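Line by line, the protein sequences are chains A and B. Reading the first sequence from the start, the letters are residues 1 to 116 in our numbering. Reading the second sequence from the start, the letters are residues 117 to 234 in our numbering.
Hints listed in this document are in silico derivations from the structure and should not be mistaken for laboratory results. Where hints are given, some of them may not hold.
Under the rule of at most 25 Å between Cα atoms (straight-line distance), these lysine to any residue pairs were calculated in the SDA-like manner [what the hints assert, rightly or not]: (1) A:Lys57 <-> B:Asp142; (2) B:Lys189 <-> B:Tyr141; (3) A:Lys57 <-> B:Ser128.
Facing chain A, according to a computed beta carbon distance under 10 Å, are these residues of chain B, among others [as the list claims (entries may be wrong)]: (4) Met127; (5) Val129; (6) Tyr153; (7) Gln155; (8) Ser158; (9) Arg159; (10) Gln160; (11) Leu163; (12) Arg166; (13) Phe207.
Counterexamples of contact, computed for chain A against chain B with all Cβ distances above 12 Å [as the list claims (entries may be wrong)]: (14) Gly16; (15) Asp24; (16) Leu43; (17) Glu44; (18) Gln50; (19) Glu68; (20) Val74; (21) Thr76; (22) Ser87.
All values derive from a computational prediction rather than experimental measurement. Using N, Cα and C, we set each Cβ at its ideal position, and we do this for glycine too.
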Amino acid sequence: GAGVSQSPSNKVTEKGKDVELRCDPISGHTALYWYRQSLGQGLEFLIYFQGNSAPDKSGLPSDRFSAERTGGSVSTLTIQRTQQEDSAVYLCASSFQGRPYNSPLHFGNGTRLTVT
Amino acid sequence: AQTVTQSQPEMSVQEAETVTLSCTYDTSESDYYLFWYKQPPSRQMILVIRQEAYKQQNATENRFSVNFQKAAKSFSLKISDSQLGDAAMYFCAYRSARVSGATNKLIFGTGTLLAVQP
Numbered sequence: 001g002a003g004v005s006q007s008p009s010n011k012v013t014e015k016g017k018d019v020e021l022r023c024d025p026i027s028g029h030t031a032l033y034w035y036r037q038s039l040g041q042g043l044e045f046l047i048y049f050q051g052n053s054a055p056d057k058s059g060l061p062s063d064r065f066s067a068e069r070t071g072g073s074v075s076t077l078t079i080q081r082t083q084q085e086d087s088a089v090y091l092c093a094s095s096f097q098g099r100p101y102n103s104p105l106h107f108g109n110g111t112r113l114t115v116t
Numbered sequence: 117a118q119t120v121t122q123s124q125p126e127m128s129v130q131e132a133e134t135v136t137l138s139c140t141y142d143t144s145e146s147d148y149y150l151f152w153y154k155q156p157p158s159r160q161m162i163l164v165i166r167q168e169a170y171k172q173q174n175a176t177e178n179r180f181s182v183n184f185q186k187a188a189k190s191f192s193l194k195i196s197d198s199q200l201g202d203a204a205m206y207f208c209a210y211r212s213a214r215v216s217g218a219t220n221k222l223i224f225g226t227g228t229l230l231a232v233q234p
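Whole structure, please, built from the sequences with the hints as guidance.
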């Protein structure tokens, strides 16, 4: 079946502009996660969705970052007034939620965001 | 808070040889899961192997195996008969098994870049 799909694959934007990154999770996966991967760094957790609600937003770096999920499926990560330090690969992952938690996260190929 | 540490930023191995990637973690929980993910240049994160903390037996998937030492909080990955296609960034990750009030997000180490020499 289809995996996690992210769009766009690459995005170049000017400093100060807003961007929207999209994630289509695997059908039936209720849990959805956004991560950020900066050059040479590990994966930094941003936000977690269970269905349409976001019980954990603790990783969002500033109020310029927001995310929503509709219909328990597609999620959009929005970055307002982009800064150069926002340049990174943004990865989305989905999984079944519920015990056992050994269910792996399935990742998309990410969106590479470059802020000039 | 849980943390994951990968102390080897880069490793190199000859084709057909064996290499071990190190990972340590810190947690006060007794029930959790550990994972190794592979990230090739395509950026796709691919699950390599997983281990349940309550299991004493080390997980094995073909050429990949782990050495899980719960008391030492160590979770190393051994790749046998290394192949050129194994070249990638490898991430160790921790996931809590708590049920209520938990995000159960994966917590990642900073990764080890593995080069395979022909």
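Going down the list of hints, with the structure as the test:
About 23 Å separates the Cα atoms of Lys57 (chain A) and Asp142 (chain B), which keeps this hinted pair within 25 Å; it holds. Between Lys189 (chain B) and Tyr141 (chain B), the direct Cα distance comes to roughly 6 Å. Compliance with the 25 Å bound is thereby established for this hinted pair. Our distance criterion of 25 Å between C-alpha atoms is broken by Lys57 (chain A) and Ser128 (chain B), whose separation comes to about 38 Å. Hint status for Met127 (chain B) relative to chain A: violated, with the closest Cβ pair at about 15 Å, above 10 Å.
Look at Val129 (chain B): its Cβ only gets to about 21 Å from chain A, farther than 10 Å, so that hint breaks. This hint holds: Tyr153 (chain B) has a C-beta 8 Å from the nearest C-beta of chain A, less than the 10 Å allowed. Proximity of Gln155 (chain B) to chain A holds as hinted, the smallest CB-CB distance being about 9 Å (cut-off 10 Å). For Ser158 (chain B), the interface hint holds, since its Cβ comes within 10 Å of a Cβ in chain A; the closest pair sits about 7 Å apart.
Checking Arg159 (chain B) against chain A by beta carbon gives a least distance of about 5 Å; that is within 10 Å, so the hint holds. For Gln160 (chain B), the suggested interface contact is upheld, since its CB lies about 5 Å from the closest CB of chain A, less than 10 Å. Look at Leu163 (chain B): its Cβ gets to within about 4 Å of chain A, closer than 10 Å, so that hint holds up. Because the smallest distance between the Cβ of Arg166 (chain B) and any Cβ of chain A comes to about 6 Å, under 10 Å, the interface hint for this residue holds.
Using the Cβ-Cβ criterion of 10 Å, the hint placing Phe207 (chain B) at the interface with chain A is satisfied: the shortest such distance is roughly 7 Å. Chain B leaves Gly16 (chain A) outside its interface by the beta-carbon criterion, the shortest separation being 26 Å against a cut-off of 12 Å. No beta-carbon of chain B comes within 12 Å of the beta-carbon of Asp24 (chain A); the shortest separation is about 15 Å. Once the 12 Å rule is applied to beta carbons, Leu43 (chain A) is inconsistent with being away from chain B; the minimum gap is 4 Å.
Listed as a non-interface residue, Glu44 (chain A) fails to keep its Cβ farther than 12 Å from every Cβ of chain B; the least gap is roughly 8 Å. Chain B draws Gln50 (chain A) into its interface by the beta-carbon criterion, the shortest separation being 9 Å against a cut-off of 12 Å. With a cut of 12 Å on Cβ distances, Glu68 (chain A) stays outside the contact zone with chain B, its closest approach being about 17 Å. With 12 Å as the threshold on Cβ separation, the claim that Val74 (chain A) sits away from chain B holds: the shortest Cβ distance comes to roughly 20 Å.
Every Cβ of chain B is farther than 12 Å from the Cβ of Thr76 (chain A); the closest lies at roughly 19 Å, confirming the non-interface assignment. A cut-off of 12 Å between C-beta atoms confirms that Ser87 (chain A) is not in contact with chain B; the least separation is 15 Å.
In this structure, the hints that do not hold are numbers 3, 4, 5, 16, 17, 18, in rising order.
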